[in-house]
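Generate coordinates for the entire structure from the input sequences, incorporating the hints supplied.
So the sequence lines, in the order shown, correspond to chains A, B and C. Counting from 1 along the first sequence, just add 1011 to a position and that's the residue number in this note's numbering. Counting from 1 along the second sequence, just add 3 to a position and that's the residue number in this note's numbering. Counting from 1 along the third sequence, just add 2 to a position and that's the residue number in this note's numbering.
Heads up, a few of these hints could be off.
Unchecked claim - Think about it this way: if two alpha-carbon atoms lie no more than 30 Å apart in a straight line, the pair counts; the simulated DSBU-like pairs of lysine-lysine are:
1) B:Lys-44 x C:Lys-149
2) A:Lys-1190 x A:Lys-1090
3) B:Lys-44 x C:Lys-4
4) A:Lys-1035 x C:Lys-4
5) C:Lys-149 x A:Lys-1436
6) A:Lys-1595 x A:Lys-1625
By construction, these hints were calculated from the structure, which means they are not laboratory data.
One letter stands for each residue in the lines below.
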Amino acid sequence: MNEEIARRLGEIEETRDFFVVGKKVARVDALDAVLGRPVYTADLITGRPLYVRAVRSTYPHALIKSIDFSKALETPSIKAVYTHRDIPGVNDAGSLIPDRPLLAYDKVRHIGEALALVVGEDLERVEEAVDQVAVDYDPLPVVSSPGEAMRPGAPRVQDRDNVVTHFKIRKGDVEKGFKQSHLVLERTYRTQHIDGLPLEIEVAYAFWSHDSILTCISTMQNPFDVYNKVAQILGIPKEKLRIIQAATGGGFGPKSDETPIDVSAYACLATLKTGRPAVSAFTREEAMTVQCKRHPFEITHRVGVTRDGRLMAWKSTLIEDTGAYVSKGHLVIGRATFHCTGPYEVPNIWADGYCVLTNNTMAGSTRGFGAPQSHFAAEMMMDELAAELGLSPAEIRRRNVLRVGSLTATSQKVDDPGLEICFQKALELTDFERRYGELKAQSGWPIRRGIGLALLYHGNTLGPEGDDFATVTTRVERDGSITVQTGLTEFGTGAITSLILVTAETFGISPSRIRLERPDTLAIPNSGPTVASRTTAIGGRAALDAALKIRQVIANVASEILGCRAEDLTFHQSKIYPKGQPSKYVSWEEAVAECYRLGLDLKATGYYIAPPTKWDPETGQGSPYNQYTYGALVTEVEVDMETGVVRVDRMTAVYDVGRAINPLGLVSTYESGSIMGLGYALLEHIIHENGRLLNPNLHTYIIPTSVDAPSRIESIMVESPGPMGVFGAKAMGEIPVVLPAASIANAVANATGVFIRQLPLRPDRVLTAISQS
Amino acid sequence: MMHTHPEAPIIAGGVYTIASMIEKKIRPHHLIDISKIRELKQLEIGPEIVRAGALASHTALMETFAVSPAFSAFSQRYTSPSIANIATVGGSMALKSSTEDLITILLVHDAFIRVRTTEGLSELPLDQYLNMDIRHALVEEVRFLNPTTVSAMFEKIALGISYIPLISAAARLDRDGRGGWICRIATSHQRGEIPGRIHEAETIIQQQGPGDEAINNAAKAVESTIDPVSDLMAPSWYRKRVAAVLVKRLLLKLRDGEWP
Amino acid sequence: MKQIRLNVNGSSYEVEVNDNERLVDVLRDKLGFKGVKEGCGVGDCGLCIVLVNGRPVNSCLVLAARLDGEDILTVEGLGSAENLHPLQRSYIEVGASQCGYCIPAALLVTHSLLSKNKRPSADEMRRHMRSVLCRCGSYLRFEEAVKVVVGDE
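Following this line, the structure appears as structure tokens:
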């Protein structure tokens, strides 16, 4: 960026009097949604495509001896059955790690693993034909937990050790720290499989376009992951493939993971081989079986603390069940381990995080990415330590919370007061300390109330997980309207609206004049994955870059018209004028028209890549993230002591958003994560038994309904700008889902006197705990 | 039709049937639409007895008997109004399942069910029907005490959109006009996954009256005599324990006059 | 096959249906009302809800042939871009739509509630909205939107 643009950026960043940033603005896609416009993949299918359905394994672990599909082919409308032999390119559909075949060839490693595809003209006949494909399995012993997987001589899930990652933190000297402690507590916490469960099920629609490009429209978070992988599977040059993301009904992680690759590959394979349009769609049961899950964790903490509550030593073992394939497991364990001591300063840490293969269904990218699990364990541990010491949960945190100048678990220095501010605010707004004390002494029956506190820090954004870059392509049209296109996707977060706001702010025009084009691999360069809550922070930088480049061109032309220097110009409310002289203006439209007349190009691709992060894999020490989001959540609950039913009454969520680009959008994000986190805490459980998934449906897998939502969620935004995100913005999309489980479990402990160390806190579990105490 | 298709099992009403078709549990060769048989839609309300045709909707019952605490709770604790608009009385009865709150509620309203088989018409008490293995029976009508003339309540513990009960209970407590008490108690899981009345508990209240000790003993009797299934939603012991809690709470509310 | 007449969004449609064709399929595929979504096919999610004679019904659980002559409202009949229904406007204003997938069903369920009860309590709103799953967690936004609409009157 040249000096000119850097100065402009500085000016915009310094002023708090934003034109559109920070103001209440409607989402760009809200109108489509309330009108029910046909913008999702299934709405766009026309004509009579072929249907593609997968034949899926009925064993969690078995050798494949043979696949006989002769009966399936007897029906005339069935056009083909494909197995791994029919894959022209590479039989690999792993999103990051190439360990997962698209179609199983020698063995199946989890229930529901795909091993053949049936293609036909009639969906009902295709479904019947799927049942007619006869697979001869040779069952193998099932590894149903990490405990079993880690035993010596355990059956191998893949052709390698079942422990695929070992993440370490070695800071100071834990044994010395324990010796300096007055109290040492050891506790084990357990979390469950859940499904991110986007409500729009996987579906892909593939066809040859008139110019001989294999086009696939589908529902996804990462178009370029799908693009790169499908091209490789089909064995076709990338120029012959085009992936378009249609409106996507929810992401939450699964739509950024393996199943979007699968469903697009199924449809594209059929279209490639038959020349005809093809649709592949999962059923809800199928999606819930094979969609990636949130990693269940078993976390054991051994923590030493002084009499007055200062943390001296923290030893952790984190064991994560990644299922049959790694997906993002090797990264989730990293985030979980980095954050495993909670947002506190601990001088001596020894942590081991293990990612373990089992024959359970695959776990992968799910909102929070290891942080919810990690904070559940760390925040309960803090409350348990406080209880033993006779301190309040607020007091023990006050002694240890990360402040400016503190060192994190990786010895990274904190330079931001965000956590302290959020912590203080949360305590004040909820009168926490007084109420906690009151409720601890309550004697009501059968309903008891509880209040619980939890704090977080969350490294932004991809950090050590990959190249943290984004691109945004912006074009100012002849009539002054603006088109923005990026490979970053919208699927509910509202973050794309932030990119529009940043663009509108830079040009000084109304966001309503900006049109967003669909992510289309034919039209734009790779923008990186839409994950890790990086769209606003990182994508925003790219959007700003593109807009500033174009603004420079327009400013030069306007300066000629107005007879002043380009660097003196202000862009505001569709007018361009020298600072302080609003009457001496040229309109946005006039300036743009003049640019066109001069044959100037008003199109730019903005780019941003976050500085690479550095840390030592042997000790986990270094600076793995460029900035941190901070936060505090206080939850108030009611527990029926005779039935074990927990009801969340009120949540007070205080998060340091860095800079609120789109406050209205942030309220939705706060509530979204809070309610999803509530489900994780109280209701949701994907149940495996010997590798079989018992509840792949919505009547026995329970997600929150309207009556489960708290009566009130207070969404408090603190702004402590970070060094990396656009205008100081911090990652927020995932943040509100991280703390509810911790906060609710602590509130239940306040109400019942019992720490329940396993999720979900379903009525029977709560009642058992109450009865045993 | 039953005569021409003797092998055809009767499948309960539309909601369950279509859902089962989607889940591939059943592939019916013929679906016989009985929805237009007007007689089956009737809801005949007498001063003491109500007759509900098999096709009377759940919504119709909820709206008609909104003043009854039991039916008001039925409505409050219902899975969703959209299902209530198409679910039917006959459909619920035919399912013989703990998922059907209506069965649990009608059990305490002394319901009788009229079914038609190839042998002809049969009329039997609801709890007897629940425990009998009757094939090829079409529910025609259920008759029960007018809910506005009795004191009955219903409560349920359930989770999620389907609001399938972990456990639910209904109770009725009335004076018998001779200084004694009429008590009916039913739970969603009396045996396995089938609702039923708990006669032991009813007898305790009818013999001793609804004093605190009798109510506690009745609750204990519920806990010790029911034999609910353990499944994904809850273990058996939880259902037993909480059934007792719910029954105790219902009886106390009925006794002390705590209703809207 | 059977010829039936459906009154959808105020217009009459003649359509040929099989005995076992569900209302959701007829509305989406034969009549082009893509605003009706399908999320599970078994009545567990509520995304397919339409109003039949003013009442919310899971269109994946009803056979089209049974609704010959009935009045059906889908989200497309609630309002248009030029003429938004007050609820649609308030949904936009309060940020109720996130991924958008449940919005047609949420709007229709809310509309049917407000048609019967102009000032529903929070409890009533929640109970009605329990028909529809929203994974994005917009439940409080839906309540807020109703407050805006009710406040305006």
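Of all the hints given earlier, name the ones this structure violates by number, lowest first.
-> 1, 2, 4 and 6
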